[in-house]
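Listed in order, the protein sequences are those of chains A and B.
Numbering of the first sequence is given in this note's numbering, commencing with residue 1 and proceeding in unit increments.
Numbering of the second sequence is given in this note's numbering, commencing with residue 1 and proceeding in unit increments.
Calculated from the structure, these hints are not laboratory results.
What you are looking at is a predicted structure, and each value in this text was computed from that prediction instead of being measured.
All C-beta atoms in this analysis are idealised placements derived from N, C-alpha and C, irrespective of residue type, glycine included.
Each hint should be verified, as a subset may be incorrect.
Some chain B residues near chain A, calculated using beta-carbon distances under 10 Å [to be verified]:
(1) ALA30
(2) PRO191
(3) LEU194
(4) GLY196
(5) ALA334
Here are the in silico distance ranges between beta carbons for each label pair [claimed, not checked]:
(6) B/ALA30 x A/ALA234: 29 to 37 Å
(7) B/ALA30 x A/ALA138: 18 to 26 Å
(8) B/VAL21 x A/GLN136: 31 to 39 Å
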Amino acid sequence: MSAVVASFWRRVLVAIALACLAWLVHVFGRVLPDALAAAVWLVMAASIGWGIYRRGRIRRDAFLSAYVRADGRLGRLLRGRLSIPVRAALGGAVLALVLLVSLVRIDDRASFVVLAAGAPALVLAFAAASRALSAQIARDYLPVAAWRTAAAAVGGLMLAALVALSFHASYPDLADVDLERAVWHFVDSERARGAIVQILLQLAAAGDGLRLWLAQQLMPAPGDSMAEALGWLAVLAEEAVFVWSYLAYLSPAVLGGPTDGSDRGRGA
Amino acid sequence: MAATAAAAHNGSRLRIGDALVALAAAAALAWLVMRVEPLDWSGPPETEIVLDGARYRLDPDGIRELETLSLDYFAAGANDARAIVAAEIEGALDRLFARARRNVPAFLDEYYSLRGEYARAAISLGALVGLAEPDKLEARAASMLLPEDEWVDALARVDTAIAGRLDANRERLRAGWLAEIAARLAHRRVPEPLPGVTSARPTLVLDEKLAEILAREQSAFATRQTIGATAAVGAAALAPVIARAATSRGGAAAAARGAARIGAAGRVGPAAAGGAAVCAPGGPVAALCAVLAGAGAWLATDWALIELDEALHRDALERTLHAALDELRARVEADLAAAYGELLAREEVRIESEIRRTFVPAVAGRERRAAGDEEGGP
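Could you build all of it, start to finish, from the sequences and the hints given here?
In structure tokens form, the structure reads like this:
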């Protein structure tokens with residue numbers, strides 16, 4: 001029991017350390033040279049990729065142990081020695097890019113408070129889910145089940161908070177301007193020291209400009225129209241991808257690093 | 001048992017230690033999140049150019065290129081203006097001196113005539129007794145070749161023509177410069193800011209600025225040009241040069257004629273006495289007859305001497321007059337070119353100064369950027 005509690009606090013510490021790195025990216029992202037930004041992106045991609053790999057490994061092992069004989073040729077083929085790492089690397093690279101750009105572009109303190117609070121909350125929720133599900137779920141599959149439960153609960157709350165913040169944020173009036181001016185307004189406000197970072201920020205800003213312009217052109221008057229619902233669904237999806245990338249980035253804090261995986265050597 | 005208790009005690013201390021570290025880290029993160037603002041990056045100092053209603057954005061290097069282009073363009077425009085002025089002056093003086101040259105034969109006809117001879121004699125006599133200005137003779141000769149009203153009118157027309165052509169040149173320069181700048185800036189165009197949003201960057205409304213510069217220079221040039229024209233009118237005083245040339249050349253001939261006339265009087269004396277004898281039977285009108293006969297002989301002698309002088313010296317005097325006109329034209333042209341050249345040089349200097357002042361944000365931007373590079377910060 002004491003080992004479990006100690007492990008909990010250490011996981012909290014790791015989660016806070018990862019949140020601190022995210023905060024550093026948020027604070028210094030615009031003044032980072034491209035090389036340093038690339039290094040940060042690699043760290044984030046490694047963290048996210050490792051989480052994806054661990055979960056993929058556990059799911060695959062659970063599938064193989066349930067349906068395939070371990071000594072058969074099919075078992076060796078389906079072991080996923082290549083596909084799981086590749087998928088983890090690709091997923092980690094893309095989500096880390098989304099996370100990096102989103103962290104730099106956060107422009108209100110309240111949003112980052114939500115992110116900072118989400119780190120220990122995820123560990124807490126994971127511990128609670130692990131305890132609650134331990135009597136129901138097989139021991140090997142328990143980390144994935146607890147992760148899904150914790151990520152859904154914490155992610156849902158974070159998403160609700162971020163969407164609420166977006167709902168109450170003020171936006172420029174784009175009703176009487178053309179698309180070029182609207183997009184330019186957003187693109188022009190994004191500056192970074194690194195040329196590549198600036199391009200990424202401006203691409204994201206262009207997306208925001210396009211979405212906001214479409215929203216104000218399609219739904220000039222607030223009301224319960226389908227177009228308005230679609231507009232907010234787009235916001236929701238955007239925030240969901242961001243929250244998912246952030247939680248995936250924190251996942252090594254709850255799933256453990258390369259040295260403490262219970263599945264090590266079995267699936268790899 | 002004791003070992004188990006010690007392990008439990010150590011585990012408890014470990015838990016508390018981990019918890020304290022984690023809580024301290026969470027508190028530190030919360031403090032940082034609430035206290036520290038993200039760093040911003042403004043990038044290189046840029047200037048917004050507004051040209052013909054469109055907006056462009058340039059970094060300091062781009063502004064410097066624009067400044068250099070503008071300086072070169074207006075320097076070339078100043079050369080065009082000098083060529084225009086030179087052409088106008090040349091054309092005006094060509095016309096003016098062509099009229100003067102056309103007056104030369106009439107002047108010579110007058111000069112070699114009894115009327116001209118006696119008019120000059122009367123003026124000389126008047127000058128001797130103080131009834132006429134000493135230079136009246138020269139002024140009269142000058143007015144025959146280059147009448148002052150024609151001279152003044154011609155210079156006034158030069159002023160007007162030059163002002164008009166320079167205005168047209170400025171307008172052409174402005175249009176060409178705008179087209180050149182617009183072509184250079186085409187790929188740097190940015191959309192208008194949103195309504196109610198003002199750009200934090202320095203904004204330079206270039207076409208308005210240029211129009212202001214050119215209008216100011218046009219006005220200043222017009223003011224100075226009056227002075228230039230007045231100074232140029234003073235060159236009309238050079239006209240007596242011609243008269244002096246004519247009278248000095250004619251003076252020698254007149255002296256020769258005087259001497260000849262004295263000799264001729266001696267020779268015509270017996271003729272006059274003979275005339276009196278002829279008139280003697282006339283009774284009381286014999287004296288009048290003698291006077292008339294003497295005057296006729298005087299006039300005939302003068303006429304003959306003038307004809308002789310004309311035959312001998314008219315061509316030389318005509319050449320002297322043409323040479324004097326050439327000299328005068330060259331001096332007037334040089335004076336006018338110098339006067340206008342000074343005006344144009346002043347305008348060029350002022351426009352260059354205005355352009356450099358117009359692009360001050362670029363200079364400021366370069367200084368800011370240099371300072372930023374030295375500090376190595378954003």
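Hint by hint, here is what the structure shows:
1. ALA30: holds, 7 Å
2. PRO191: holds, 4 Å
3. LEU194: Check passed: Cβ of B/LEU194 comes within 5 Å of chain A, closer than 10 Å.
4. GLY196: The hint holds - B/GLY196 has a Cβ within 10 Å of chain A, the shortest such distance being about 8 Å.
5. ALA334: violated, 58 Å
6. B/ALA30 x A/ALA234: 29 to 37 Å: For A/ALA234 against B/ALA30, whose Cβ atoms are near 32 Å apart, the range 29 to 37 Å holds.
7. B/ALA30 x A/ALA138: 18 to 26 Å: Given range 18 to 26 Å: violated, Cβ gap about 38 Å.
8. B/VAL21 x A/GLN136: 31 to 39 Å: holds, 33 Å
The structure shown violates the earlier hints numbered 5, 7.
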